[in-house]
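Student: Using our numbering, the first residue of the sequence shown is number 133, and each one after it goes up by one.
Just so you know, the hints here were simulated from the structure itself, not pulled from any lab data.
Careful, some of the hints might be misleading.
Distance condition first, Cα-Cα at most 16 Å in a straight line; then the derived EDC-like pairs of lysine to aspartate or glutamate [to be verified]:
#, residue 1, residue 2
1, K256, E190
2, K196, D231
3, K180, D157
4, K224, E258
5, K226, E275
6, K226, E258
7, K224, E214
8, K226, E203
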Amino acid sequence: MNFLRYPGGKGRMLSHLRSYIPSSDQIVGHYIEPFVGGGAVFLYVQPKSAVLADVNSELIDLYKAIRAHPERVWEAFRAMPEGKDAYHRIRKLKPGELDCVTRAARLLYLNRTCFKGMWRHNGKGEFNIGYGGASRRWVITEEDLLGVSRLLRRASLRCSDFEEVIDLSSAGDFIFVDPPYRPGHRELANQHYVGQAFTFEDQARLASALARAEARGVWWTMTNSAHPDILSLYPHHSVTQLARGTGPKPGALIPHAGEVIITSGRKGQDAAVL
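Kindly generate the complete structure, drawing on both the sequences and the hints.
Tutor: The following block contains the structure:
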C-alpha cells in the first residue's frame with residue numbers, strides 16, 4: 133500500500149525492519165512518526181492511534197486531503213493528462229492557487245511521474261524535478277487511496293519540527309524515527325530537509341529529544357547513517373548495521389555498512405516488549 137515514492141523511504145526494507153518494529157497490538161499508547169515522509173512504516177504497522185508529522189507542509193496537506201476526500205483526490209489524479217508536456221504544465225501550477233483536492237492530486241501526480249520519485253524545490257520553492265515517465269503512475273489504485281484514507285483517520289497530522297512532536301510523547305508511546313541521513317559535524321549538510329539543511333546540530337537535538345522521551349517511558353526505533361559522529365550520539369544503545377538502502381538486496385545484514393538501526397534501551401538489553 134506504499135502509494136508514494138519518497139527519497140529514503142523504508143518500503144523496501146520492511147522485511148528487515150519488522151524485527152525492530154512493534155505490532156499494533158504491542159503499542160499501548162500512540163504510534164508516532166516525526167519524519168513521516170512516504171509513511172511506509174505507518175502503513176505497515178497500521179496502528180490504532182498515531183501522530184504523523186513532517187516539516188513538508190505540502191506532504192501533510194496531501195495526507196489530509198486523502199484522509200478527508202480519497203475519491204475526489206483519485207478522480208482529480210485520474211483526470212490529469214499524461215506525457216512530458218502535460219507534466220510540465222501541471223508542475224507549473226501554483227499550489228497556493230489550487231483547492232485542497234486539486235493540490236493533493238497534483239502532488240500525487242508529480243510524485244508518481246517525476247524522475248525516480250525525487251523531491252526537490254528551487255530557490256523560489258517550486259518543485260523542479262524532471263519528467264520520469266508514466267509507468268509508475270497506475271501502480272496505485274483508487275482502492276489503495278481508500279485504504280490509506282481509512283488508516284489516516286486514526287492519525288493526527290501535524291506540520292511541525294520533530295522535537296516538538298517527540299516532546300509530546302508519553303509512557304507507552306512508540307516512535308519510529310527516520311531522519312534525513314546527514315554526515316557528521318565536520319562535514320557540510322545538504323539541503324534535504326525540505327529546503328533546509330539537516331545538520332549535525334539537528335542530529336544532536338534529535339538524540340536529546342529521544343533521551344528525554346526514553347526517560348518518560350517511551351520506546352523508539354531509528355534508522356540513520358552509520359557515520360561515526362552519528363553513532364557517538366548513541367553510545368549506550370543497541371545498533372544493528374545494514375546494507376545501504378539501494379541495490380538488489382536493500383537492508384541485508386552485513387558486517388560493515390553505511391546504514392544502521394538504533395533502538396531504545398541499553399546495549400545487550402531488549403527494548404520494551406520487542
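Student: Each hint: holds or not?
Tutor: Each hint tested on the structure:
{"no.": "1", "hint": "K256 / E190", "verdict": "holds (15 Å)"}
{"no.": "2", "hint": "K196 / D231", "verdict": "holds (13 Å)"}
{"no.": "3", "hint": "K180 / D157", "verdict": "holds (8 Å)"}
{"no.": "4", "hint": "K224 / E258", "verdict": "holds (8 Å)"}
{"no.": "5", "hint": "K226 / E275", "verdict": "violated (28 Å)"}
{"no.": "6", "hint": "K226 / E258", "verdict": "holds (8 Å)"}
{"no.": "7", "hint": "K224 / E214", "verdict": "holds (15 Å)"}
{"no.": "8", "hint": "K226 / E203", "verdict": "violated (23 Å)"}
Hints 5 and 8, counting from the list given before, are not met by this structure.
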